[in-house]
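Participant: Here the structure of chain G is known, so what remains is to put chain E in place on it, guided by the hints.
In order, the protein sequence lines correspond to chains G and E.
With this note's numbering, letter number 11 in the first sequence gets 98, and the count goes up by one each step, no holes.
With this note's numbering, letter number 106 in the second sequence gets 193, and the count goes up by one each step, no holes.
Read the hints as simulated data drawn from the structure, not as lab findings.
Careful, some of the hints might be misleading.
No distinction is drawn between identical chains; accordingly, a pair holds when it is met within one copy or between any pair of copies.
Heads up, simulated DSBU-like pairs for lysine-lysine below, C-alpha to C-alpha not over 30 Å straight-line [as the list claims (entries may be wrong)]:
{"hint": "1", "residue 1": "121", "residue 2": "145"}
{"hint": "2", "residue 1": "292", "residue 2": "121"}
{"hint": "3", "residue 1": "121", "residue 2": "207"}
{"hint": "4", "residue 1": "94", "residue 2": "121"}
{"hint": "5", "residue 1": "186", "residue 2": "94"}
{"hint": "6", "residue 1": "186", "residue 2": "207"}
{"hint": "7", "residue 1": "94", "residue 2": "152"}
{"hint": "8", "residue 1": "186", "residue 2": "91"}
There are 2 protein chains.
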Amino acid sequence: MNGKNIKALVFDVFGTVVDWRTSIARQAEEFGSKHGVEANWDQFADDWRDGYHSGMIKVNSGEDKWKIVDEIHRDRLELLLEKYEFPALEEDEIAYFNKSWHRLEGWPDSTAGLNRLKSKFIVASLSNGNVSLLTNMAKFANLPWDAVLSAELAGKYKTHPWAYQRTAQLLGLEPEEVMLVAAHNGDLRGAINAGLHAALVTRPKEFGNSKKPDLEPEPDFAFFAKDFHDLADQLGCE
Amino acid sequence: MNGKNIKALVFDVFGTVVDWRTSIARQAEEFGSKHGVEANWDQFADDWRDGYHSGMIKVNSGEDKWKIVDEIHRDRLELLLEKYEFPALEEDEIAYFNKSWHRLEGWPDSTAGLNRLKSKFIVASLSNGNVSLLTNMAKFANLPWDAVLSAELAGKYKTHPWAYQRTAQLLGLEPEEVMLVAAHNGDLRGAINAGLHAALVTRPKEFGNSKKPDLEPEPDFAFFAKDFHDLADQLGCE
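In isolation and in its complexed conformation, chain G is listed as follows:
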């Protein structure tokens, strides 16, 4: 029916399934307000997110030993608390705020769309976020994963091929039986390089006005959809 014998859909999460920027900006504003700090909180969210990318590059290159994303977020947060001139804070408060990334809201179609896709395919996360982050987020945002899979279980971050291939292995599938669903062409290119199929779902609001989203598929992407319902329609899900 999909013509490709796809048995599992695996999902990029930050940006594709959840609206990290709005959720982080909102929590940061609350946190700042509590501690008497004013700032552009959208910018704060972007600043925090930038640390995620550079932290992962250091791990995949071998410059840093393996660190889960909670630790990468914490490293960056320490710098941001100084940069944004927060007062001295209790460890418990910092730890709770660092877990703002466990408390991200889904896009409006995420839960219902995943439930439709789940009726016909295995649906699993394939995020660089660590398993506990993804597990807590799934409870918070009501994401009905069949399995919570993560680059943590590969010991390599996307877009390293092993992050994708390990996920297929854990699902007992060949790479070509798995399709990555993501809002980011670079991630989808990584999946194709690892032997998976690729579906671009656009999330035009992910970055606000700070950065251009990917809105056009590359020629070898198998599917191109405007949200999870559109993808479910194209895949023949009820």
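Facilitator: What follows is chain E alone, placed relative to chain G:
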């Protein structure tokens, strides 16, 4: 409220959550019937299960390299197909039958009880079964795991302490924030040795009349319940 700061319940699966013996005997009978083989299929199920234990011991001792449970089941199945005098079979048929263990029915209280427990705790599998087996089983038996965790992610089978401790680590929790729920005192002893709490849920029908079930808790088990609803009641779940 539970007096122990427990944040996650992790579950033994074979016997505790699903009725493997009835489910395997039924599928084996169908398979035998198709191929003109008659046998005591309860005995066949027990024979197959025995290979699981001996296969894991060889892995944990280092005698065998790491093998997932699907492979351990397959090793045993090859012997049983001879012993029970099956005719020559196609590879696809053997592979499908080997995955009978992915198609096990839950006990009558499993789905509803897990949903109640899930309202208050993270609920995750902690089985020796591989991730793909557990993921497929969860879809088949409607098991609403927050996360599908497995000894496969530790590279050691229970009752090795790392199987339990790795699960706590992946959940971002200390061992004492996690409780194993199981129908088997040996598994619960392994959990306590690894720093987790233990809850015995009895499954008197697990072995039919072939083997005595564990029906009495040991003194340091934190909870003792007759099914998942009873456990949910004791833990104050709605």
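Participant: Run every hint past the structure and note whether it holds.
Facilitator: Status of each hint after checking the structure:
| no. | hint | in the structure |
| --- | --- | --- |
| 1 | 121 - 145 | neither (33 Å within a copy, 57 Å between copies) |
| 2 | 292 - 121 | within (28 Å within a copy, 56 Å between copies) |
| 3 | 121 - 207 | between (46 Å within a copy, 28 Å between copies) |
| 4 | 94 - 121 | between (47 Å within a copy, 27 Å between copies) |
| 5 | 186 - 94 | between (33 Å within a copy, 16 Å between copies) |
| 6 | 186 - 207 | between (33 Å within a copy, 19 Å between copies) |
| 7 | 94 - 152 | between (34 Å within a copy, 29 Å between copies) |
| 8 | 186 - 91 | between (38 Å within a copy, 23 Å between copies) |
Hint compliance for this structure: hint 1 alone is broken.
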